[in-house]
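The primary structure of each chain is shown beneath.
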Amino acid sequence: DTAVSQTPKYLVTQMGNDKSIKCEQNLGHDTMYWYKQDSKKFLKIMFSYNNKELIINETVPNRFSPKSPDKAHLNLHINSLELGDSAVYFCASSRFPEETQYFGPGTRLLVL
Amino acid sequence: RKEVEQDPGPFNVPEGATVAFNCTYSNSASQSFFWYRQDCRKEPKLLMSVYSSGNEDGRFTAQLNRASQYISLLIRDSKLSDSATYLCVVRPNNAGNMLTFGGGTRLMVKP
Numbered sequence: 001d002t003a004v005s006q007t008p009k010y011l012v013t014q015m016g017n018d019k020s021i022k023c024e025q026n027l028g029h030d031t032m033y034w035y036k037q038d039s040k041k042f043l044k045i046m047f048s049y050n051n052k053e054l055i056i057n058e059t060v061p062n063r064f065s066p067k068s069p070d071k072a073h074l075n076l077h078i079n080s081l082e083l084g085d086s087a088v089y090f091c092a093s094s095r096f097p098e099e100t101q102y103f104g105p106g107t108r109l110l111v112l
Numbered sequence: 001r002k003e004v005e006q007d008p009g010p011f012n013v014p015e016g017a018t019v020a021f022n023c024t025y026s027n028s029a030s031q032s033f034f035w036y037r038q039d040c041r042k043e044p045k046l047l048m049s050v051y052s053s054g055n056e057d058g059r060f061t062a063q064l065n066r067a068s069q070y071i072s073l074l075i076r077d078s079k080l081s082d083s084a085t086y087l088c089v090v091r092p093n094n095a096g097n098m099l100t101f102g103g104g105t106r107l108m109v110k111p
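Chains as they are written, first to last, in the working numbering: chain A, 1 to 112; chain B, 1 to 111.
This is chain A alone, in the form it adopts within the complex (with noise of 0.2 Å):
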């Protein structure tokens, strides 16, 4: 009964590498979102879906490349891996862009 749901929980890779982390939510939900948590805990948006439309997208390098197959899926690749990319990433998903989000478990992406 998973709401929201991301895989890879954990992902060690090298530099220079390419990565993608799955997002899905059953909820029936509308939007969907990516959020970068560094190292000091802040949580950034990256990118917001919207029916599977690109609504928001925040100044995020382009080796960073949201795709959404179908509204219940937003999934994240990641090109050419820095070492600065080493943070937890957070989906989440809600009804519609003014309602609550609810946040998937995160994965937690280390770059060595």
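The hints are simulated quantities; they were obtained by calculation from the structure and are not laboratory data.
Glycine residues also receive a C-beta, built at the ideal position from the N, C-alpha and C atoms.
Below, computed lysine-lysine pairings styled on DSS-like, alpha-carbon distance capped at 30 Å:
{"#": "1", "chain 1": "B", "residue 1": "K42", "chain 2": "A", "residue 2": "K36"}
{"#": "2", "chain 1": "B", "residue 1": "K110", "chain 2": "B", "residue 2": "K45"}
{"#": "3", "chain 1": "A", "residue 1": "K44", "chain 2": "B", "residue 2": "K2"}
{"#": "4", "chain 1": "A", "residue 1": "K9", "chain 2": "A", "residue 2": "K44"}
{"#": "5", "chain 1": "B", "residue 1": "K2", "chain 2": "B", "residue 2": "K45"}
{"#": "6", "chain 1": "A", "residue 1": "K41", "chain 2": "B", "residue 2": "K2"}
{"#": "7", "chain 1": "B", "residue 1": "K42", "chain 2": "A", "residue 2": "K44"}
{"#": "8", "chain 1": "B", "residue 1": "K42", "chain 2": "A", "residue 2": "K67"}
Distance windows between CB atoms, simulated:
{"#": "9", "chain 1": "A", "residue 1": "D70", "chain 2": "B", "residue 2": "P14", "range": "48 to 58 Å"}
{"#": "10", "chain 1": "B", "residue 1": "K79", "chain 2": "A", "residue 2": "Q14", "range": "40 to 50 Å"}
{"#": "11", "chain 1": "A", "residue 1": "D18", "chain 2": "B", "residue 2": "N65", "range": "39 to 49 Å"}
{"#": "12", "chain 1": "B", "residue 1": "S28", "chain 2": "A", "residue 2": "L112", "range": "37 to 47 Å"}
{"#": "13", "chain 1": "B", "residue 1": "C40", "chain 2": "A", "residue 2": "L112", "range": "18 to 28 Å"}
{"#": "14", "chain 1": "A", "residue 1": "D30", "chain 2": "B", "residue 2": "K45", "range": "17 to 27 Å"}
{"#": "15", "chain 1": "B", "residue 1": "S68", "chain 2": "A", "residue 2": "D18", "range": "39 to 49 Å"}
{"#": "16", "chain 1": "A", "residue 1": "E99", "chain 2": "B", "residue 2": "N27", "range": "15 to 25 Å"}
{"#": "17", "chain 1": "A", "residue 1": "E82", "chain 2": "B", "residue 2": "K42", "range": "19 to 29 Å"}
{"#": "18", "chain 1": "A", "residue 1": "D30", "chain 2": "B", "residue 2": "N27", "range": "23 to 33 Å"}
Start from chain A and add chain B according to the hints.
Then chain B, alone, in the frame of chain A:
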């Protein structure tokens, strides 16, 4: 100046104590305000929204002071299970659903 500022703590309090956190925000046009709770190595979860008139949910009371641009959270009769990081969250009026998070205030309730 950060958009949303909080004292990172930690606040160490005994069980049963009353504890209060404040948060200040820089954008005077901000429209919506929330407190989220984040347990260690877990995801943030909505604790409560903050309304202009102030609101209460059990042992938790949230207040908004628009003139001074700060939000407060009061926890009465602290429980061990209240130990967590409390995140102050603001939605600017012109930002769709873009939430701006503070860095969080860590609370540790001791027996």
